[in-house]
Amino acid sequence: MKRKDTVKLISADEMEFVIDKDAVMVSQTIRNLLTSPGGFAETKLGEVTFPEISAVILERICQYFYWALQYSR
Amino acid sequence: MSNQKKRNFQIEAFKHRVVVDPKYAEKTWSILEHAIHEIYNHNASGLSFEELYRNAYNMVLHKFGEKLYSGLVATMTAHLKEISKSIEAAQGDLFLEELNRKWNDHNKALQMIRDILMYMDRTYIPNTHKTPVHELGLNLWRDNVIHSSKIQSRLLSMLLELVHRERTGEVIDRGLMRNIIKMLMDLGSSVYQEDFEKPFLEVSAEFYMGESQKFIECCDCGDYLKKAELRLNEEIERVTHYLDVKSEVKITNVVEKEMIANHMMRLVHMENSGLVNMLLDDKYEDLGRMYNLFRRVPNGLSTIRDVMTSHLREIGKQLVTDAEKLKDPVEFVQRLLDEKDKYDSIISQAFSNDKTFQNALNSSFEYFINLNNRSPEFISLFVDDKLRKGLKGVSEEDVEIILDKVMMLFRYLQEKDVFEKYYKQHLAKRLLSGKTVSDDAERSLIVKLKTECGYQFTSKLEGMFTDMKTSQDTMQGFYASHPELTDGPTLVVQVLTTGSWPTQPSITCNLPAETSALCEKFRSYYLGTHTGRRLSWQTNMGTADIKATFGKGQKHELNVSTYQMCVLMLFNNADRLSYKEVEQATGIPASDLKRCLQSMACVKGKNVLRKEPMSKDIGEDDAFFVNDKFTSKFYKVKIGTVVAQKESEPEKQETRQRVEEDRKPQIEAAIKRIESLIERDFLERDNNDRKLYRYLA
Numbered sequence: 001m002k003r004k005d006t007v008k009l010i011s012a013d014e015m016e017f018v019i020d021k022d023a024v025m026v027s028q029t030i031r032n033l034l035t036s037p038g039g040f041a042e043t044k045l046g047e048v049t050f051p052e053i054s055a056v057i058l059e060r061i062c063q064y065f066y067w068a069l070q071y072s073r
Numbered sequence: 001m002s003n004q005k006k007r008n009f010q011i012e013a014f015k016h017r018v019v020v021d022p023k024y025a026e027k028t029w030s031i032l033e034h035a036i037h038e039i040y041n042h043n044a045s046g047l048s049f050e051e052l053y054r055n056a057y058n059m060v061l062h063k064f065g066e067k068l069y070s071g072l073v074a075t076m077t078a079h080l081k082e083i084s085k086s087i088e089a090a091q092g093d094l095f096l097e098e099l100n101r102k103w104n105d106h107n108k109a110l111q112m113i114r115d116i117l118m119y120m121d122r123t124y125i126p127n128t129h130k131t132p133v134h135e136l137g138l139n140l141w142r143d144n145v146i147h148s149s150k151i152q153s154r155l156l157s158m159l160l161e162l163v164h165r166e167r168t169g170e171v172i173d174r175g176l177m178r179n180i181i182k183m184l185m186d187l188g189s190s191v192y193q194e195d196f197e198k199p200f201l202e203v204s205a206e207f208y209m210g211e212s213q214k215f216i217e218c219c220d221c222g223d224y225l226k227k228a229e230l231r232l233n234e235e236i237e238r239v240t241h242y243l244d245v246k247s248e249v250k251i252t253n254v255v256e257k258e259m260i261a262n263h264m265m266r267l268v269h270m271e272n273s274g275l276v277n278m279l280l281d282d283k284y285e286d287l288g289r290m291y292n293l294f295r296r297v298p299n300g301l302s303t304i305r306d307v308m309t310s311h312l313r314e315i316g317k318q319l320v321t322d323a324e325k326l327k328d329p330v331e332f333v334q335r336l337l338d339e340k341d342k343y344d345s346i347i348s349q350a351f352s353n354d355k356t357f358q359n360a361l362n363s364s365f366e367y368f369i370n371l372n373n374r375s376p377e378f379i380s381l382f383v384d385d386k387l388r389k390g391l392k393g394v395s396e397e398d399v400e401i402i403l404d405k406v407m408m409l410f411r412y413l414q415e416k417d418v419f420e421k422y423y424k425q426h427l428a429k430r431l432l433s434g435k436t437v438s439d440d441a442e443r444s445l446i447v448k449l450k451t452e453c454g455y456q457f458t459s460k461l462e463g464m465f466t467d468m469k470t471s472q473d474t475m476q477g478f479y480a481s482h483p484e485l486t487d488g489p490t491l492v493v494q495v496l497t498t499g500s501w502p503t504q505p506s507i508t509c510n511l512p513a514e515t516s517a518l519c520e521k522f523r524s525y526y527l528g529t530h531t532g533r534r535l536s537w538q539t540n541m542g543t544a545d546i547k548a549t550f551g552k553g554q555k556h557e558l559n560v561s562t563y564q565m566c567v568l569m570l571f572n573n574a575d576r577l578s579y580k581e582v583e584q585a586t587g588i589p590a591s592d593l594k595r596c597l598q599s600m601a602c603v604k605g606k607n608v609l610r611k612e613p614m615s616k617d618i619g620e621d622d623a624f625f626v627n628d629k630f631t632s633k634f635y636k637v638k639i640g641t642v643v644a645q646k647e648s649e650p651e652k653q654e655t656r657q658r659v660e661e662d663r664k665p666q667i668e669a670a671i672k673r674i675e676s677l678i679e680r681d682f683l684e685r686d687n688n689d690r691k692l693y694r695y696l697a
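Residue numbers (UniProt numbering), protein chains in the order written: chain A, 1 to 73; chain B, 1 to 697.
Hints are computed from structural coordinates only; laboratory data are not their basis.
Backbone N, C-alpha and C define an ideal beta-carbon position, used for all residues, glycine too.
Be careful, since some hints might not be right.
[As the list claims (entries may be wrong)] Here are a few chain B residues that face chain A, going by a calculated C-beta distance under 8 Å: (1) G46; (2) E50; (3) Y53; (4) R54; (5) M118; (6) D121.
[To be verified] Listing some non-contacts, in silico: residues in chain B with all C-beta distances to chain A over 10 Å: (7) T75; (8) K108; (9) L138.
[What the hints assert, rightly or not] The list that follows gives simulated cross-link-like pairs (lysine-lysine, DSSO-like), each with its CA atoms no further than 30 Å apart: (10) K429(B) <-> K44(A); (11) K44(A) <-> K27(B); (12) K108(B) <-> K8(A); (13) K44(A) <-> K108(B); (14) K21(A) <-> K27(B).
Based on the sequences and whatever the hints tell you, model everything.
The structure is reproduced here in structure tokens:
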């Protein structure tokens, strides 16, 4: 069970990161993904898989999201 | 850190796996092609955005952008051709609904496709100057669907059909219309204009040409304008509901041209219902409507204005030359004021106080008021009537309103000096007979005249008021210094300064003894305090109150003119007097004497004298007696009144002559001034037109 305003990011090595939606929207690509009409698989489940990104990198990316969010406010 | 170390510190780009598989592009593309199919088939939920995005990204990165792009074009085109067929297959009214549905689907698909191909949109496309995905999608829709031969004309005729139905009163699906029109607008303003707006305007022009022809044959002007207004508003409303806002001015131009501009003259001059009829009947609503509609077309307002002006001039001319109406000057002026009020009202209520119309009104009035050269005299008589009795009991504000209206007419006069002459005469009579209703009103009018024409114009008039006041003071002084006279007859003298008052021939008559003695006493008193002056009695202008006792002992107080007093006093010493005897004793000029006797012997209720024979006219052989049988309900009887009347023909000639005389010096002075300006090179004569002067720099 996840809270409504979160998104799950899954790395290539199956690590799961549960991130606030606000943070994840920092990425234009993910924003488009989630707001695209027509219901791709990701929007239904609220989770995005990155088969080519390792957990280490993905973790860094998530940290970047939060940092960017903090300084944009 | 030293510089050397800094230079050695570099960050290298992240290197991707080198692609080895020769069929890489094919494989990747088919994944994407499949995805596009699924999207168009509403099956996107099985697709992973991330996967598709990554594949597109990789293709572009590995320099396969060209393949991706052309693949996209081909796939979309194929789909759109399919869609086109299904739209063509729709029957009747379902055609537009199907088109609308497919358009919505296409937009949704397009957005999804754009999202997954975002990387290509941002890098490959700008670099190669190709059309971005979204725009590409719209262009392909336009080319394969909207401009497909089977759809293009059907679409247009359906849209025009619906508009036509709505114009004939049917209810149509406005939401659907709005969506379809919006689609055309989204495809580009040239699509909207070529595929809809231009034909729409053409068809509308034909429609309204027919409408206007139909209406103009069977409607009167007012009804036609109502219908035109309705149609105009309907079109404006249509635009707000489902057309591009830029179309509003274009369609309203069509309606204005077909329904108004093309029929303007016929409407204005329509028998029994055109502009002139509306003006005559004060049809404010119709006139207002006409004004609002005509102001939208070139020359609309000037047409209305010209017809109104010529109508006004016609009416005005009739007014001022109609002999019947000219019999009563007060009535005449009142009619002018009423006409002005009527048109002021029309201009404010129906023509939104348009200044150009106000000017047309003013110029028309100026034109016809001056057609009749008795206008100045009549206006003065009107004022005289008001100041004598017309303003009795009227509030101060209303008095001002009436005087302002008089001033307004005054401004239209070209011969203002004629007015001044008459005004002076009438004012003199009012002052001397004490017959003015309100001193404040008199003075208020003088102030207005001064503001309008300057001090010169009113200086003499003001002099007259001053004389009246001074005379009051003089009388007080006279009686104060002669206390023994308080028991005798009371004398009231108005001393008039010659220059201020209208010139009168100075005629004296023989006053009765008591009166003349008193007058002499006054003369010596006055000349005692004012040396170097000359006094002459104006016996034709005075009045007297005398107490009379008649045969049966009835007593009355008679208010008479000085002449009448002289005549009556004779009967204190004689019972019977012939005309000749009266003439000799009084020294009154013949015409005045006849009028005087007539008013006392021949008028019922005022016949204090009896005449033999009992004829209406005074003959030189008539004899006069006191009428001992005289009766009246009232104790005080008024016999002599000096009322201002409109002049007789000879009097008129005389006045006009005097005005011409007075103008001569003014004109000469003006000529001298112009000559001196020409000499000193401020003015020059125009070479071609002798009547023109030019200002020199």
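Checked hints:
1. G46: Holds. Min distance 6 Å.
2. E50: Hint holds; E50(B) Cβ to chain A Cβ min 6 Å, cut 8 Å.
3. Y53: 7 Å, holds
4. R54: Holds. Min distance 7 Å.
5. M118: Constraint on M118(B) satisfied, holds at 6 Å.
6. D121: 11 Å, violated
7. T75: Holds, because the least Cβ-Cβ distance between T75(B) and chain A comes to about 16 Å, which exceeds 10 Å.
8. K108: Nearest chain A Cβ is 5 Å from K108(B), so the label is violated.
9. L138: 16 Å, holds
10. K429(B) <-> K44(A): Given that 30 Å is the threshold and the Cα spacing comes to 107 Å, the pair is violated.
11. K44(A) <-> K27(B): Within the cut-off at roughly 27 Å; holds.
12. K108(B) <-> K8(A): Judged against 30 Å, a Cα distance of about 26 Å means the pair holds.
13. K44(A) <-> K108(B): 17 Å, holds
14. K21(A) <-> K27(B): Given pair K21(A), K27(B) is violated - Cα atoms ~34 Å apart, limit 30 Å.
Of the numbered hints given earlier, the model fails hints 6, 8, 10 and 14; all others are met.
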